[in-house]
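Trainee: Sequence:
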Amino acid sequence: MSVAAKTRRTRVFVDEIDGAVARLVLGARAFTVPRALLPRAAREGAWVEVSVAIAPAAGSTTERRRRRLARDDDGGDVKL
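Taking numbering that gives the first Met the number 0, the leading residue of the sequence shown gets 0, the next gets one more, and so forth.
Derived by calculation from the structure, the hints in this document are not laboratory data. Since the structure is predicted, the reported quantities are computational estimates derived from the model, not experimental observations. Check the hints yourself; a few may be wrong.
Keeping only pairs whose Cα atoms sit at most 25 Å apart, straight-line, the calculated SDA-like set for lysine to any residue is [claimed, not checked]:
#1 K5 to E48
#2 K5 to T61
#3 K5 to G26
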């Protein structure tokens, strides 16, 4: 799967920021997100670029690596 198929970018309008919540507008639809997801400089009336990407399951690479290392470990001393 190409990077373009895994990632989507678009610009959204920051309609309102109320405490820890921001209301964004995309076309005719509005939705809220935690304020912490926006860049610090984002203000009401600004346009921001939003990028969403498919990510591997948390820990999947780490878990595979851990299993491989455990499988290959003979239990002896570490050789440097």
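Trainee: Straight-line Cα separation of K5 and G26 no greater than 25 Å?
Mentor: The given pair, whose Cα atoms are some 22 Å apart, holds under the 25 Å limit.
Trainee: Tell me if the straight-line CA distance from K5 to T61 falls inside 25 Å.
Mentor: With a Cα-Cα distance of about 21 Å, the restraint between K5 and T61 holds, given a limit of 25 Å.
Trainee: Mind checking the alpha carbons of K5 and E48 for me, to see if they're no more than 25 Å apart?
Mentor: The given pair, whose Cα atoms are some 17 Å apart, holds under the 25 Å limit.
In this structure, every one of the numbered hints holds.
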